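Please construct the entire structure, taking both the sequences and the accompanying hints into account.
For the protein sequence lines, the chains are A and B, in the order given.
Numbering follows full-length UniProt numbering, with no gaps: position 194 of the first sequence is 194.
Numbering follows full-length UniProt numbering, with no gaps: position 156 of the second sequence is 156.
The hints are simulated quantities; they were obtained by calculation from the structure and are not laboratory data.
All values derive from a computational prediction rather than experimental measurement.
Glycine included, each C-beta is placed from N, C-alpha and C at the ideal position.
Be a bit skeptical, because a hint or two may be false.
[Claimed, not checked] Here are some of the chain B residues that sit facing chain A, going by a computed Cβ distance under 10 angstroms:
1) 26
2) 42
3) 52
4) 83
5) 88
6) 125
7) 209
8) 210
Protein chains: 2
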Amino acid sequence: MTLPPEFSLIARHFRPLAGPGALELEDDAALLAPPPGRELVLAADAMVAGVHFLPDDPPETIGRKLLRTNLSDLAAMGAAPLGYLMTTGLPRGLPDGWLGAFAAGLAADQREFGLSLLGGDTVSTPGPIHLSLTILGHVAPGAALRRAGARPGDEIWVSGSIGDGTLGLGVLQGEFPADAAGFLAERYRLPRPRLGLGQALAGLARAAMDVSDGLAQDLGHLCRAGGCGAVLRAADVPLSPAARALLRGAPALLPRILTGGDDYELLFAAAPGDAEAIRAQAAACGVAVSRIGHFAPGEAVVTVVDGAGARLDLGQGGWSHF
Amino acid sequence: MTLPPEFSLIARHFRPLAGPGALELEDDAALLAPPPGRELVLAADAMVAGVHFLPDDPPETIGRKLLRTNLSDLAAMGAAPLGYLMTTGLPRGLPDGWLGAFAAGLAADQREFGLSLLGGDTVSTPGPIHLSLTILGHVAPGAALRRAGARPGDEIWVSGSIGDGTLGLGVLQGEFPADAAGFLAERYRLPRPRLGLGQALAGLARAAMDVSDGLAQDLGHLCRAGGCGAVLRAADVPLSPAARALLRGAPALLPRILTGGDDYELLFAAAPGDAEAIRAQAAACGVAVSRIGHFAPGEAVVTVVDGAGARLDLGQGGWSHF
Numbered sequence: 001m002t003l004p005p006e007f008s009l010i011a012r013h014f015r016p017l018a019g020p021g022a023l024e025l026e027d028d029a030a031l032l033a034p035p036p037g038r039e040l041v042l043a044a045d046a047m048v049a050g051v052h053f054l055p056d057d058p059p060e061t062i063g064r065k066l067l068r069t070n071l072s073d074l075a076a077m078g079a080a081p082l083g084y085l086m087t088t089g090l091p092r093g094l095p096d097g098w099l100g101a102f103a104a105g106l107a108a109d110q111r112e113f114g115l116s117l118l119g120g121d122t123v124s125t126p127g128p129i130h131l132s133l134t135i136l137g138h139v140a141p142g143a144a145l146r147r148a149g150a151r152p153g154d155e156i157w158v159s160g161s162i163g164d165g166t167l168g169l170g171v172l173q174g175e176f177p178a179d180a181a182g183f184l185a186e187r188y189r190l191p192r193p194r195l196g197l198g199q200a201l202a203g204l205a206r207a208a209m210d211v212s213d214g215l216a217q218d219l220g221h222l223c224r225a226g227g228c229g230a231v232l233r234a235a236d237v238p239l240s241p242a243a244r245a246l247l248r249g250a251p252a253l254l255p256r257i258l259t260g261g262d263d264y265e266l267l268f269a270a271a272p273g274d275a276e277a278i279r280a281q282a283a284a285c286g287v288a289v290s291r292i293g294h295f296a297p298g299e300a301v302v303t304v305v306d307g308a309g310a311r312l313d314l315g316q317g318g319w320s321h322f
Numbered sequence: 001m002t003l004p005p006e007f008s009l010i011a012r013h014f015r016p017l018a019g020p021g022a023l024e025l026e027d028d029a030a031l032l033a034p035p036p037g038r039e040l041v042l043a044a045d046a047m048v049a050g051v052h053f054l055p056d057d058p059p060e061t062i063g064r065k066l067l068r069t070n071l072s073d074l075a076a077m078g079a080a081p082l083g084y085l086m087t088t089g090l091p092r093g094l095p096d097g098w099l100g101a102f103a104a105g106l107a108a109d110q111r112e113f114g115l116s117l118l119g120g121d122t123v124s125t126p127g128p129i130h131l132s133l134t135i136l137g138h139v140a141p142g143a144a145l146r147r148a149g150a151r152p153g154d155e156i157w158v159s160g161s162i163g164d165g166t167l168g169l170g171v172l173q174g175e176f177p178a179d180a181a182g183f184l185a186e187r188y189r190l191p192r193p194r195l196g197l198g199q200a201l202a203g204l205a206r207a208a209m210d211v212s213d214g215l216a217q218d219l220g221h222l223c224r225a226g227g228c229g230a231v232l233r234a235a236d237v238p239l240s241p242a243a244r245a246l247l248r249g250a251p252a253l254l255p256r257i258l259t260g261g262d263d264y265e266l267l268f269a270a271a272p273g274d275a276e277a278i279r280a281q282a283a284a285c286g287v288a289v290s291r292i293g294h295f296a297p298g299e300a301v302v303t304v305v306d307g308a309g310a311r312l313d314l315g316q317g318g319w320s321h322f
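Written as structure tokens, this is what we have:
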């Protein structure tokens, strides 16, 4: 009796990604001795072709995007990565080269972020490519960053730059001209999980999350969790040079920048007195951070204001699946 | 800004499933203090409508089947359940009642098996319903059952009964008449993870796995992992009364019973001298166990013999996705 093709597919493409505890992907489950005295941090994300990535995205970037969105969840909790499990739903007849490139991208990110594959499942689907990844990380007990904790008067901080992901999607869909360096498209395809910064914010950030569904909507989550409102200063939201160039030509893009998804930056609350310490930690991590507003007493409502302090209406804010 | 519909869907259907560590599904990740001094056991499985379950299966059973196939992986390692993360890919327009019934089934199984939801993700898909579940369990260090370890002379054991899953699928697809009690269809829809038996086999089974892709194929895995062959006595393979009744009318079904998927029974190797201890442990768990052959020196080949010792050819054995 010969082995069915899925075993050869797993052996060729996924076994090289397997690390300690994965038992070469040959057992029913993985075995992992958790780091003694640490809490586990667990998150799961799914990605579907045509919904979360473009069917013609380079396969090298697709697995990396999924891994990085999960790593971004670890960053948001201040956790360090430990390993991951992944299930892949693949159409029959997917070219073998696609899977090879997909796995090669994951291998590169495993080296960059210091984790490896623990296990998973490979199934066929009559639908589009469907990927699901569960990540494990660890954190000192009680040190995890949480969404609840922002208080009126706290400052709102965000890492990196906002809007690149949604603009990059627009570039890839032909809606905008591409920037010469391909920066925006790369930001859509390859988020940059802020793991170092997340870990450095323990004891400094009062609340934190990663921005995945749009800055304004996700800030609303921090407000609801903290039981307070927020004032977001649109003019202080950090933009990349490429995003700034697009916005200069089309000022109506501002709501899209503030509500579009795929940023994967850290959004956090901190006491004003901690600003200097936060800047120092961020500099040590090589990540830019910006203060973009403050939390305010009252209802969990995000008020967006322009440079002159006038209120901006963003319309329907944030990505929804349904 | 109102919350998008997916948040209400998660709050209504999935938050009631969330247990300790899930942080009410409101943070970026779950936090779990692992049981001190235990190893973690981790497995992930995906299920696609039309591939792993029938699109018109009762939604109450679909999440339970996914959870139970993962619990069966824990059972195969001798582990106790701890919690799970689940991602759901759902077509837009899925009736709300479907999700309510899906979650109610999971709630029932959470109570039965003593675990709860830790986290996940809910996305839309243009394809069929696509579910992925990662399970966490725990085991005493070094006590996990493994696929490698069977030696020539060891007896082959299996729990419960074999073939019900694949025959149940045939019943649901109108290929066979249903048994009066609906036993076979239920066995296809609701596997019975042998968690108690798996834990009781620590120190007794030399190798173990769960039968998910067909008995003959999965026995081949134990052979390859152990570097030996196996002789499977078809006449000793345990059949349910319903399966036996079908086979009586159609003896050509035997290869299908021995190679069809969806059994989710434990298959294990043990020294002949441990037979009595194994029977005692199984009786204490209330699970039937049967000796169905032995491991043999030589190549990793499964030889199937009939009651008279003559060799049977099963043809193409085992389920493959590709």
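So, going through the hints one by one against the coordinates:
For residue 26 of chain B, the shortest C-beta to C-beta distance to chain A is roughly 6 angstroms, which falls under 10 angstroms, so the interface hint holds. At its closest, the beta carbon of residue 42 of chain B sits 4 angstroms from a beta carbon of chain A; the interface hint therefore holds under the 10 angstroms criterion. Evaluation of the residue 52 of chain B hint against chain A yields a held restraint, the C-beta minimum of about 7 angstroms falling below 10 angstroms. For the restraint placing residue 83 of chain B at the interface with chain A, the shortest Cβ-Cβ distance is roughly 8 angstroms, inside the 10 angstroms limit, so the hint holds.
About 8 angstroms separates the beta-carbon of residue 88 of chain B from the nearest beta-carbon of chain A, less than 10 angstroms, and the hint is met. The criterion of a C-beta within 10 angstroms of any C-beta in chain A is met by residue 125 of chain B, whose closest approach is roughly 5 angstroms, and the hint holds. About 5 angstroms separates the beta-carbon of residue 209 of chain B from the nearest beta-carbon of chain A, less than 10 angstroms, and the hint is met. Below 10 angstroms, beta-carbon pairs count as interface contacts, and residue 210 of chain B has one with chain A at about 6 angstroms; its hint therefore holds.
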